[in-house]
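Asks: Oh and the sequence shown: position 162 is 192 in the numbering used here, straight run, nothing missing.
Certain hints may be false.
Taking lysine-lysine and the BS3-like style, the derived pairs with C-alpha atoms no more than 25 angstroms apart in a straight line are [to be verified]:
1) Lys132 with Lys60
2) Lys168 with Lys197
3) Lys114 with Lys77
4) Lys103 with Lys48
5) Lys36 with Lys60
6) Lys103 with Lys132
7) Lys36 with Lys111
8) Lys137 with Lys164
9) Lys137 with Lys114
10) Lys111 with Lys168
11) Lys197 with Lys60
12) Lys168 with Lys114
13) Lys137 with Lys168
14) Lys77 with Lys145
15) Lys111 with Lys37
16) Lys48 with Lys37
17) Lys145 with Lys168
18) Lys103 with Lys77
19) Lys164 with Lys114
20) Lys77 with Lys111
21) Lys164 with Lys111
22) Lys164 with Lys197
23) Lys36 with Lys48
24) Lys111 with Lys145
25) Lys132 with Lys190
26) Lys197 with Lys132
27) Lys103 with Lys36
Now the in silico label distances, taken between C-beta atoms and shown as ranges [claimed, not checked]:
28) Gly78 with Phe184: 26 to 34 angstroms
29) Ile47 with Lys103: 38 to 46 angstroms
30) Lys60 with Arg193: 34 to 42 angstroms
31) Lys111 with Lys60: 23 to 31 angstroms
32) Lys36 with Lys137: 36 to 44 angstroms
33) Gly129 with Thr57: 18 to 26 angstroms
34) Lys111 with Gly78: 31 to 39 angstroms
35) Thr142 with Glu205: 38 to 46 angstroms
36) Gly113 with Glu61: 29 to 37 angstroms
37) Gly113 with Ser141: 18 to 26 angstroms
Think of the hints as simulated: they come from the structure by calculation, not from any bench.
Even glycine gets a Cβ: it sits at the ideal position worked out from N, Cα and C.
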Amino acid sequence: MPADLKKYIRSIRDFPIKGVLFRDITTLLKEPQALNETLNQLLHLTKGTVINKVVGIESRGFIFGAMVANELKAGFILARKPGKLPAETESQTYQLEYGLDKIEIHKDAISTGDKVLIHDDLLATGGTAEAACKLVEKLGGEVVQLSFLVELAFLNGREKMRRYDIKSLITYDSED
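Start from the sequences, fold in the hints, and give me the full structure.
Replies: Right, dumping it as structure tokens:
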């Protein structure tokens, strides 16, 4: 039976700003058994799905995204904030609570027909993940699944991406 990973997540009040309850995965990452179990559970979510590229969203999405890509024998793609990638990029702007933000990937990272898994540590409002989906599709890839370590279901991020196969290992139905 899979381990309950929720017990490895630390909750920190008023971080990064007052009123936010931050779900900290560093406490899970420092425990080798929890780290391995998380990888195994994420891999289990991909069973029966053809994936040849994994996109990891900056920055905590790089951790498990790269590990999953390695196990699936798939390529790994970085989705980064503007100005962090050295070659020609494609970008996608998305809405934040107060303003806009943007992510980028290399234009040559995705090929037409690639079957892509997008991974991040957290699904909150869904803006960043939705932007990553749009980037993959702009470049000709097909988003076959999104995976998250933690989902804050009460923020309804899943609603923005109803047409995608979304999987998460840990769900918080309320802020507390």
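Asks: State the violated hints by number, sorted upward, taking the hints as numbered earlier in the document.
Replies: 1, 3, 4, 6, 7, 15, 20, 27 and 33
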